[in-house]
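Chemist: Each chain is listed here by its residues.
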Amino acid sequence: MAEYTIKVRRFQPESGEGPYWEEFNVDLEPSLAVLDGLLQAKDNEDGSLAVRCSCRAAICGSCGMKINGQSGLGCKTQIGEAQELANKVASAAGAKVDNAPIVIEPMGNMPVIKDLITDMESTHWTKIRRVTPWLLPHGEPPEREYVVEPESMIDITQSMACIQCGACVSSCLSMEADPDFIGPAALAKAYRFVGDPRDAETHERLHDLADDPHGIYDCTHCFSCIDACPKGVAPMDQIMRLRRKAGEEGIEDPNAGHAHEVAFVKIIEKKGTLDEAMLVQESYAPGIKGKLKPSKRGIRETIKSLPTILRPLRKRKVKLRQAIPGTHHKLPGDAMDDVKAIYAHAEEHNEEFNLYIKGEEGELVDENVEKGIERSTDPDTAEAK
Amino acid sequence: MSVGIISKVHPVRSHSNAAQGGINAALNPGDSWESHAFDTIKGSDYLGDQDAVEIMTREAPEEILHLEHLGVTFHRNEEGKLGTRAFGGASAARTYYVADITGQAIMHVLYEQLMKYSEQIARYEEWFCSSLAMDENGECCGVVTRNVADGTMELFQAKSVILCTGGNGQVWQPTTNALICTGDGIAMAYRVGAKLMDMEMIQYHPTTLAGKGFLITEGARGEGAHLLNAKGERFMEKYAPNKMELASRDVVSRAEQTEINEGRGFPDGTVALDITVVPKKRVHEALREIVLVGRDFAGVDITREPIHIKPGNHYTMGGVKTDVDGRTDIPGLYSAGETACVSVHGGNRLGANSLLDTLIFGKRSGRDAAARAKRIDYARTSKKILEDEEAMIADVVSREKGSGRRISEIKRELGQTMDGKVAVFRDEAGITEALEIVKRLKEEAKTAYIDDHGSVFNQDLLAAIELGYMLDNAECTCVAALERKESRGAQYRTDFPERNDEEWLKHIDLERTDDGPEISYSEVTITQWEPQERTY
Chain X
1 MAEYTIKVRR
11 FQPESGEGPY
21 WEEFNVDLEP
31 SLAVLDGLLQ
41 AKDNEDGSLA
51 VRCSCRAAIC
61 GSCGMKINGQ
71 SGLGCKTQIG
81 EAQELANKVA
91 SAAGAKVDNA
101 PIVIEPMGNM
111 PVIKDLITDM
121 ESTHWTKIRR
131 VTPWLLPHGE
141 PPEREYVVEP
151 ESMIDITQSM
161 ACIQCGACVS
171 SCLSMEADPD
181 FIGPAALAKA
191 YRFVGDPRDA
201 ETHERLHDLA
211 DDPHGIYDCT
221 HCFSCIDACP
231 KGVAPMDQIM
241 RLRRKAGEEG
251 IEDPNAGHAH
261 EVAFVKIIEK
271 KGTLDEAMLV
281 QESYAPGIKG
291 KLKPSKRGIR
301 ETIKSLPTIL
311 RPLRKRKVKL
321 RQAIPGTHHK
331 LPGDAMDDVK
341 AIYAHAEEHN
351 EEFNLYIKGE
361 EGELVDENVE
371 KGIERSTDPD
381 TAEAK
Chain B
1 MSVGIISKVH
11 PVRSHSNAAQ
21 GGINAALNPG
31 DSWESHAFDT
41 IKGSDYLGDQ
51 DAVEIMTREA
61 PEEILHLEHL
71 GVTFHRNEEG
81 KLGTRAFGGA
91 SAARTYYVAD
101 ITGQAIMHVL
111 YEQLMKYSEQ
121 IARYEEWFCS
131 SLAMDENGEC
141 CGVVTRNVAD
151 GTMELFQAKS
161 VILCTGGNGQ
171 VWQPTTNALI
181 CTGDGIAMAY
191 RVGAKLMDME
201 MIQYHPTTLA
211 GKGFLITEGA
221 RGEGAHLLNA
231 KGERFMEKYA
241 PNKMELASRD
251 VVSRAEQTEI
261 NEGRGFPDGT
271 VALDITVVPK
281 KRVHEALREI
291 VLVGRDFAGV
301 DITREPIHIK
311 PGNHYTMGGV
321 KTDVDGRTDI
331 PGLYSAGETA
341 CVSVHGGNRL
351 GANSLLDTLI
361 FGKRSGRDAA
371 ARAKRIDYAR
381 TSKKILEDEE
391 AMIADVVSRE
401 KGSGRRISEI
411 KRELGQTMDG
421 KVAVFRDEAG
431 ITEALEIVKR
441 LKEEAKTAYI
451 DDHGSVFNQD
461 LLAAIELGYM
471 LDNAECTCVA
481 ALERKESRGA
491 QYRTDFPERN
501 DEEWLKHIDL
511 ERTDDGPEIS
521 YSEVTITQWE
531 PQERTY
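Taken in order, these protein sequences are the chains called X and B.
Using this note's numbering, the letters of the first sequence map in sequence onto residues 1 to 385.
Using this note's numbering, the letters of the second sequence map in sequence onto residues 1 to 536.
So that you can see chain B by itself, here it is in the shape it has in the complex (with noise of 0.2 Å):
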């Protein structure tokens, strides 16, 4: 078996770093899978397929441990077992963590992992993939690439792909995700067929800092921090009275945008997460990451005062629409992590839940992406594809200085317009005007320049062509947000400010098409949790 990682960045780079607070698993005595797999159905507003939720807490525990045993520095207690915090949307604390890097310890002993197993896998760092390869059957055959360090392209035959490639957080200004959220492997998958998932689902985290949208990890809230508005008052009692601050995060993002709109935020569109409440020694050892992005960020020290937050573009609960062995519809092509929709998270994601979907599905999707590259011989590729990307890249940096816009103004076009219509709260005035200027953006794209036209790293070209994903994935979530006329989990439409199962209890599919994405739906499967109302 020959395996290579193909990442467009070093790996240790990648976006996994930023989450901060834990990752779930019922594995205390008392807690069980059945209260972490309901917690997170309820979470999703119902929208969760059950049987995915089932296996992902079902097999949490024993990947805990896994990590555990490579050597994840997770924090223990005073028997000096694996020790938890609470987090929002939980019924148990039962959220392991490494202070409040949680992502980043977690992602760098795999990186120890891989260079300690080199041999058997090989590592392309600094590799963008611009397309996937098709066979003449319709399957999945491969990836055409770029190296980043010299731009020579490369056609890597493979029997399996499995597209990890994070997700779009740079779709929308100002967003917690990194510059390189751009969506590649679900607008990959995409164009050449597959079907995308709950592309309405857009998380909103409840505390990122106004301005450049930095994230204040859940676990300050998880360690008893305090949500305010401007009159000091502690407004989570009328939106969540058991839960408060630990509500799920969709429910909290709209209690503070309510606020905020009503006129008890602060004049800078926030309203204020008091971490005093929390004592010293434990600020120290738990959540040292945010008094660094406090002081270093915002100017403030947040063991002596309250820091100002607001609601922020945070993640992508839709995505490649895969089963529970992260297959596509596309033999041979694979999503996990906040690429694919299996779905867990369905209408809104538990925090901690997302490096376990990623760990979990990621393994699975290895698992069967193995077998199938045991059972087939490679498909026969053609050069023809390889030929058609350096096509396009040519055009792209043939393009004269003034011919059309520039790169970056259609990003931040883009950006603003989907904060400022696709976000909290939605409507379809709102969505319909977004989707216009996404359309519009998309024809602008095409005459965009850019001024690099060399071949070592030139991020300029790269740019342009992660605007392109940026575009399939806006127009899709505005199309899907448009679709689903009710309110549930992240999605909630002004005019249609009731949840609706009868008509509405079911994923919107989108499959591309000449003209735009074409709709279709399919059913959320329900084991033992029959939808309810849902309060916190």
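Just chain X, same shape as in the assembly (with noise of 0.2 Å):
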């Protein structure tokens, strides 16, 4: 056992009067979560503390807030952690401090209805709603099951796993920007049907998302949903994936995103190094066919950049010599090599960053211990691999 302050930023709406801190003492053992703190703080002490809970096993979503000013959920983070992440914000400011109040709040991004319950109805709700979250399928359905790829099935169930608590809404830096962004929990919920081979309306779901201003492109890859994200659901990953299938379904990227990462990769495929002059060209003309036919948009967009690429070169960052396209060295023969197996590593491994494939991280340790077993019980899928 040991002693813990939890330090609760409370609202009682019923006051009149503001949000304020209140600060409770636990007893309990590291091990046990937050939410056990909080429970014991409203069994004990006060049980008009408000909090929405309900498993403690982080399957319900119930019980999303913030701990120490990162979003997650109370029963998923144990207290003993919570408190030496406290204590290290505390040290930081001044001198080490070891028994620093683990600060809770309500989620951010959201109204906050009475102590650390939110009104998700009103944001995170109504933005799933946005997405029309539901299977279209076209056509009377089969006598039988829909029969697919069962990959597309274990792809989409990363997706599958998010469990609604608004963790990463809470936590979006893009949101706190525009509050209409569709935000990090409804396009990982749209791409469990644009990832769904039953669903039939896939194009039309990524142009209604790639066109709405505040859809796939208002994300800033900041990463905040995936560290807050308790199920490994990844958020943006899904967002990002969105876009990639936007880009292959030609759907027109207003901030080139997806043009500028296949020039990205096709430069260094070719050169070993990046050759930044190539950058602005392959991006909006790329390859022959682009430069003898560039598109109206491509031509707006590199004269638009010609001021980028001007100011380096007047302020010596760059040397003339550099920002002549072509001119870039490639590579020695032996390093290009390595670089040639960095991508068909990249190509082989495509699809494995998804957790119900290939695990944690961490787990990748002892990759040649699995493929071992993998080869000796299932030689189907190890082949395949």
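Please note that the accuracy of each hint is not assured.
With a Cα cut of at most 30 Å, we get these calculated DSS-like pairs of lysine-lysine [unchecked claim]:
(1) X/340 <-> X/304
(2) B/363 <-> B/116
(3) X/88 <-> B/212
(4) X/271 <-> X/289
(5) X/7 <-> B/401
(6) X/7 <-> B/212
(7) X/304 <-> X/266
(8) B/281 <-> X/340
Because the hints were derived from the structure by calculation, they are not lab data.
With the hints as a guide, bring both chains together as one complex.
Modeler: Spelled out as structure tokens, the structure:
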């Protein structure tokens, strides 16, 4: 047993007063959860302390909250770890502290109703409904099941693992800047349909999410949602997959992000390092075809990029020689072989960032052992890999 | 037709989320509903009603396909068709699944459909039911509710009411069940005179974490995990030489408890579940949730070392007595899922039959409830019931601090008492003692006070009402467990260790009176499977 001080941001809507902080001293095992601490305070001291909770095991998604400023689930954050983080934060500001209060607040990007209870309906759920969150197959269903690639079901299971707790929404920096951003949870939900081979509206869904100024291109790639998600859904990854699919469907990306990404990958594949002088033209007018018949947008964007190219030249951060496309050197032969090997590896493991396929980070350490097991028990899958 | 769903939590928070392993159906070529039915009946220790089991197992394949068509992301085999895994007590691999989040996947897909049809179905999310409304003819005509968000009380008039409020696991501590599983529907039905059945039949799941009681899916054993005692012996060899770890849950739980009681467990009162024998790739694909539970709640990497587990409270086989269309003894009142007792599970539920029970009898209840609603007119409801409820709540809110015990104290004592005395092994002395404690706690609950006097999200008040529900559930379980003087399924009486078909092949029904539950019996329906000795 250990003693902890939890400092809760409280708000009692019927008191007529604003939010305030209250500290509770609780006594529990370090391996128990922050939620257990809150419930101990509620059970023993103040039953009016309001917090949604039910399963205690990170499956119902009720207890989203901020702990030491980080969004997550109260039931999944061990109080001992929360204490360490609280100490680290407090020590960073000055002298070493070993019993800093663990700070608990309601989730962000949502109105607070009472204490740790937020209004998820007007924010989270409204955004979920925005992405047409139900399967839209064409025609009558088959007599038996839909026959689909087994991998496709495992692929979208990562999105299905979402428990709608709102932690990602709470942590989303883009949504702080643009409250209308559809957001990480709803877009991860959207991928569950876009990636579902049974859904017949893939193209329409992608257009809808790409054309909306608050849609898939409104994400700034900050990784907060990936950190916050207690279930490994990695909403940002799902958003990036939506972008990639939109690119594959020929949907124009207002930020040219997809074209930029393709150009980047191709240049490095060819030269081993980045030839920055080629980046703009390859992004907007890729390959010979792109240069012979540039699109209107390509020309417009290239002209718009000129000041960005000229500025470093003027400030002499870049020499003129370096700014001429195509003069950038290639890596020596054996180094290029390494680059090629990396590309081949990446190609081979294209879909393996899905947790249902590769497991958690760090579990890859003994990948070879794992492969050995696979070969001996499941030759088909091992071969496919 | 006007349909509303009232739920005390947002629907996706409901406890069907926790059904990890899967859902059974005889859908594979070579499998048959008769085989599924027989396994279910044998699993029930012949207390399941065979007509109901036949309906459930016959309708199961169609239900799986329906869910698949709605969008549930069921696991596929190499041909891209629905794939299965093995589960306890089953003679074929007939469990369909989504990794180990099957219940969550199904519930979230059904919620997708609710959003799709939101024009036709009204959702009352975070509305708490405090009692059922009855008309002068003794028919159910609605529910009294409290809007949790603002505390307003509302009487919902209804021609049909279906109770699907889950089980009563919170009566035991620890339990795999969520904090919301407080037996609300069972108690509300009991209070208006509906009969309860098989209330002694409480399932202890073989693999729960010590301490908080979290569930490790039976799917782990379905994938090949072993159970080991502290000496490293695969002890199920002694208790179920054929099915080993995949015997029925009551059998496995008793085996574990025996090992623990006889000193072959670990010092923390557990035995070990060894998942390291399952190939790692398979663990990531099919048991990922368990990897997380092990890591986050036990500090164990299940792919590298065994995890300590013990039997823990898990499922309410008993509940509100219904027929195969969900009808209770009270016209207009229906029940389905864990709240109800049709009974398909009898003395012991097979793994992956609970989602199936809920879906099949939920559907059938819905159909019959709709037919009734089309047939009849609204009853006249009196405002008095709403006033009574408001008065009850005013009484709870007005109790002075220190006037009695805290709600949480009573709840804790109840949970520990039930887990100590009405669990895997039971006897007359223990159950009697538990019943006396429950009666005392019922008295103490009348003066227990709360801290929150507000209207907005007054969770303190709801906990007080839930405590009342839990105490009614506990009393009924004790009375029925004391009455059944034999060992069958989850009810194991050390003072009556044998199954006794001659005297006890019957259901125990309970009806509320002012002096406590009144006992009667009803017959077990047997269609084609005569009771046999049960070995695995």
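Chemist: Next pair to validate is residue 88 of chain X with residue 212 of chain B; report whether the Cα-Cα distance is within 30 Å.
Modeler: Satisfied, since the Cα-Cα distance of roughly 29 Å is no more than 30 Å.
Chemist: Given the hinted pair residue 271 of chain X and residue 289 of chain X, is their Cα-Cα distance within 30 Å?
Modeler: With Cα atoms ~20 Å apart, residue 271 of chain X and residue 289 of chain X stay inside 30 Å; holds.
Chemist: With the threshold set at 30 Å, check whether the alpha-carbon distance from residue 281 of chain B to residue 340 of chain X stays at or below it.
Modeler: holds, 28 Å
Chemist: Does the alpha-carbon distance linking residue 7 of chain X and residue 212 of chain B stay inside the 30 Å limit?
Modeler: Holds: residue 7 of chain X and residue 212 of chain B sit about 24 Å apart, inside 30 Å.
Chemist: Check whether the Cα positions of residue 7 of chain X and residue 401 of chain B lie no farther apart than 30 Å.
Modeler: At roughly 24 Å apart (the allowed maximum being 30 Å), residue 401 of chain B and residue 7 of chain X satisfy the hint.
Chemist: Given the proposed pairing of residue 304 of chain X with residue 266 of chain X, does the C-alpha separation stay at or below 30 Å?
Modeler: Holds. Residue 304 of chain X to residue 266 of chain X sits at ~23 Å (cutoff 30 Å).
Chemist: Hey, residue 363 of chain B versus residue 116 of chain B, does the alpha-carbon distance stay inside 30 Å?
Modeler: holds, 18 Å
Chemist: Verify the proposed pairing of residue 340 of chain X with residue 304 of chain X, using a straight-line Cα cut of 30 Å.
Modeler: violated, 34 Å
When held up to the earlier numbered hints, the structure conflicts with hint 1 and nothing else.
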